[in-house]
Amino acid sequence: MINAGLFSFLAIPDKLSNQQAVGFIRDNYPNMKCLGEVDKFNPEKFGVSKKEFEELRIKYKITSSHYFGSPVYYVFLS
Numbered sequence: 001m002i003n004a005g006l007f008s009f010l011a012i013p014d015k016l017s018n019q020q021a022v023g024f025i026r027d028n029y030p031n032m033k034c035l036g037e038v039d040k041f042n043p044e045k046f047g048v049s050k051k052e053f054e055e056l057r058i059k060y061k062i063t064s065s066h067y068f069g070s071p072v073y074y075v076f077l078s
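UniProt numbering puts the first residue of the sequence shown at 1, with every later residue one more than the last.
Check before you lean on any hint, since a few could be wrong.
[Claimed, not checked] Listed next, with one range per pair, are the computed distances between beta-carbon atoms:
1. V22 <-> N42: 16 to 26 Å
2. E54 <-> N3: 11 to 21 Å
3. N3 <-> F24: 14 to 24 Å
Rather than coming from a laboratory, the hints here were simulated on the basis of the structure.
C-beta: ideal position from N, C-alpha, C; glycine also.
Please model the entire structure based on the sequences and the hints provided.
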């Protein structure tokens, strides 16, 4: 888990299905509020511009899940 201020990020191996990833998050991080997959997340709902969110992703090396073999990152409220 990467804590980046307002948001935290968690990498899940891409070999897990979406349902398996949701189960993993629920079982291992029950007190954290998962906001969804990083590539589909709208930070503006939380008062953060898309540009600021992109800068966070670059700073913490949060990759896109569109590349085969790269982990899928999920966003949490810290």
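Each hint, compared with the structure:
no., hint, result
1, V22 <-> N42: 16 to 26 Å, "holds (19 Å)"
2, E54 <-> N3: 11 to 21 Å, "holds (18 Å)"
3, N3 <-> F24: 14 to 24 Å, "holds (19 Å)"
Every hint from the earlier list agrees with this structure, and none is contradicted.
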